[in-house]
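Taken in order, these protein sequences are the chains called A and B. Counting from 1, one number per residue, gives the positions in the first sequence under this note's numbering. Counting from 1001, one number per residue, gives the positions in the second sequence under this note's numbering.
The reader is advised that the hints may include incorrect statements.
Stated by the list, open to error - A partial selection of chain A residues facing chain B, derived with a Cβ cut-off under 8 angstroms: (1) 6; (2) 107; (3) 153; (4) 207.
To be verified - Computed footprint of chain A on chain B; a stretch qualifies when at least three of its residues, placed anywhere within it, have a C-beta under 8 angstroms from a C-beta of chain A: (5) 1012 to 1018; (6) 1041 to 1051; (7) 1133 to 1145; (8) 1158 to 1168.
It is worth saying that the hints were derived from the structure and are not from the lab. Owing to the predicted nature of the structure, the values given are computational and were not obtained by experimental measurement. For every residue, glycine included, the Cβ atom is placed at its ideal position computed from N, Cα and C.
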Amino acid sequence: MTTEDLIRRLAADPRPAPTVARTLARWLGPAVLAAFASMAFGWGFRPDLLRAYADPVVALKVVLPSLLAGAAVVGALRLARPEGHTRGSVAALALVALTALGLWTFGFAVTPRENWGAAMQGSTLAACLLSIPTLAFLPTLALLLALRRGASLSSTLSGALAGLGGGGIAASVYAFHCPEDQPLFFVTWYGTGILIVTVLGALAGRRWLRW
Amino acid sequence: MPDGEADWTALFRAANGGDRVAYARFLQEITPVLRGIIRVRGRSVPAHQHEDILQEALLAIHAKRHTWDPARPLRPWLYAIVRHKVTDAFRARGARVELDLADFIEILAAEPGPDPTAAGDARRLMDQLEPRAAEIVRAIGLDGETPGAAAERLQMTEGAIRVALHRAMKRLSLLAHGTLR
């Protein structure tokens, strides 16, 4: 086919598809709702939900992963433009990570040294590490599918941001169930769970987000 | 060319609104520019493939046209796509990349070293080279023919002559030092 023919064919279809942000808005909402519903009906809310979250330290269990997810989604959307960059989002992510690190240090400070191991171990570690990736599945999938329509020049990083977003959403959803209120527990294991999803997202992105 | 940019942006914006004529004109206007970019960046790919790469770039622009944010300048977006697709296309053709040796002449020619032809037994050493390489070394190294003239006589490009000469000299140098047999 000559280039002239090609141009003629392409020009017959001038209207662009919906933007990545619009596609994401359509899929991410239902995915988050589905994750929340499966937590509510499958895992169940913790019985002392309102009382527990009156403590600001415990409230951070929901707030920090939500902020992380927000920054990751914004970054992923920016990176979905071929000329886009993630400088601002990386700064926001670093800020959340630093806050988490501060909370972790605080956890060590307020816990007697001989209890560090037990506090970190908690009593629901396995459930936590299984639940976060499970609950992250749909939100991460929605992000990856929307980003597939984007034009990221770094597919692995975009995939990682999708995983970070999905993992952050899952962690803050799981926090409505999770009875562990020790920062040493939830910073460590929520962080690990989110990291697992981030790595999986990066691997998926490297495969699926190339164009 | 700021005028060109304004034109492209106006055309592409109209195209986004559904204007086929504007879209066709936009694609026609960017095509020669893309062709130029591919020619300059794509010297390592044979010229007859440049048009294929151009078409791949146009298809990518078409497929990703919804990722342009109308509030932002068009050109960085456009060039980011083109650079990506062109680089990709070159990489995909990596198995049969045909290097333009002219690019490397400066680097190759600059390498210093002892002159192996100075050795008394240069001609004996040269018998161990391939006939073609030996002829090039004899013509330029011993008989003082210019690379240009040798290239013309042997029906090779000057770049290829220089590279062959460089390789032959290196081999001769190794032979002279007895490190290669």
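Hint check results:
no.: 1; hint: 6; in the structure: 5 angstroms, holds
no.: 2; hint: 107; in the structure: 42 angstroms, violated
no.: 3; hint: 153; in the structure: 6 angstroms, holds
no.: 4; hint: 207; in the structure: 16 angstroms, violated
no.: 5; hint: 1012 to 1018; in the structure: holds (count 4)
no.: 6; hint: 1041 to 1051; in the structure: violated (count 1)
no.: 7; hint: 1133 to 1145; in the structure: violated (count 0)
no.: 8; hint: 1158 to 1168; in the structure: violated (count 0)
The structure fails to meet hints 2, 4, 6, 7, 8 from the earlier list, while all remaining hints are met.
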